[in-house]
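Residues per chain are reported as follows:
Number of protein chains: 2
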Amino acid sequence: MLTTGGCPKTALSIKDALEALEGRWKLLILFALSTGPKRFKQISKEVTGITDKTLSKELKNLEANKLLKRNVYDTFPPTVEYSITEHGKSLEKVMEELHFWGLAHRKEIIGN
Amino acid sequence: MLTTGGCPKTALSIKDALEALEGRWKLLILFALSTGPKRFKQISKEVTGITDKTLSKELKNLEANKLLKRNVYDTFPPTVEYSITEHGKSLEKVMEELHFWGLAHRKEIIGN
Chain C
1 MLTTGGCPKT
11 ALSIKDALEA
21 LEGRWKLLIL
31 FALSTGPKRF
41 KQISKEVTGI
51 TDKTLSKELK
61 NLEANKLLKR
71 NVYDTFPPTV
81 EYSITEHGKS
91 LEKVMEELHF
101 WGLAHRKEII
111 GN
Chain L
1 MLTTGGCPKT
11 ALSIKDALEA
21 LEGRWKLLIL
31 FALSTGPKRF
41 KQISKEVTGI
51 TDKTLSKELK
61 NLEANKLLKR
71 NVYDTFPPTV
81 EYSITEHGKS
91 LEKVMEELHF
101 WGLAHRKEII
111 GN
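These protein sequence lines map, in sequence, to chains C and L. Residue 1 is where the first sequence starts when you use full-length UniProt numbering, and the numbers rise one by one after that. Residue 1 is where the second sequence starts when you use full-length UniProt numbering, and the numbers rise one by one after that.
Careful: at least some of the hints might be erroneous.
Since copy identity is lost for identical chains, a pair holds within one copy or between any two.
[What the hints assert, rightly or not] Here are the simulated DMTMM-like cross-link-like pairs (lysine to aspartate or glutamate), alpha carbons at most 25 Å apart as the crow flies:
| # | residue 1 | residue 2 |
| --- | --- | --- |
| 1 | Lys93 | Asp16 |
| 2 | Lys9 | Glu108 |
| 3 | Lys45 | Glu22 |
| 4 | Lys38 | Asp16 |
| 5 | Lys107 | Glu63 |
| 6 | Lys45 | Asp16 |
FYI, nobody ran anything at the bench for these hints, they're computed from the structure. Keep in mind the model is a prediction, meaning the values are calculated, not measured.
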């Protein structure tokens, strides 16, 4: 597998990544933001199946991990938008590989 | 981001992948098997922090998703070994990208 297959140090960085991205929602939220900043309701609509409670929790976690930024605009009433950070954008390759693998997995398991 | 940024079809395949790999353990178990077939106790030792109950559940799930194979040998007493399948090996690039991103994330968040 990996040229460093089984190496404990590699396992540690994979574990770091998996902990930061844990669950099925975080990457999908960042993927929704990859086309531009969005408001809560827009994200909720694009990430099919997520509840408002979970989305709210995940947005806070992603902000704490510097993967997105919460921008408050001084309008009346105030508007809030979420945008992906440079660090969030650095997940592009991970998402690409998950996309390709997801296609292969669907073919392998579901057979179409 | 992805050239197809925000495309609903791409989101679907990423979702498929995330569902199959959900949680922090599956990829670490497959990573442990990337150096060769192993017995339950060996995997449990290599995947730091996993409980026997969780490992047992995850192994069944990975087998159902054709990512690993459970081999029973006719010894006395019988021995059981788990090995990664070709489909499991196809996760190599995902793991590689997670490894690189995990290193960058540690630097960004923890600063070392």
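Should Lys93 paired with Asp16 be assigned to within, between, both, or neither, using CA atoms and 25 Å as the limit? both (16 Å within a copy, 17 Å between copies)
Can you give me the call for Lys107 and Glu63, within, between, both or neither, at a CA distance of at most 25 Å? Answer is between: at 16 Å across copies they meet the 25 Å cutoff, but 35 Å inside does not.
Intra- versus inter-subunit Cα pairing at 25 Å for Lys38 with Asp16: between (27 Å within a copy, 24 Å between copies)
How would you classify Lys9 and Glu108 at a CA-CA limit of 25 Å: within, between, both, or neither? Result: close only across copies, 18 Å inter versus 31 Å intra.
Same-copy or cross-copy closeness of Lys45 to Glu22 [CA-CA at most 25 Å]: both (21 Å within a copy, 22 Å between copies)
One pair to classify: Lys45 and Asp16, alpha carbons no more than 25 Å apart. Within, between, both, or neither? Only across copies: Lys45 and Asp16 sit 18 Å apart there, 29 Å inside one copy, limit 25 Å.
Consistency with the previously given hints is maintained throughout, with no hint failing.
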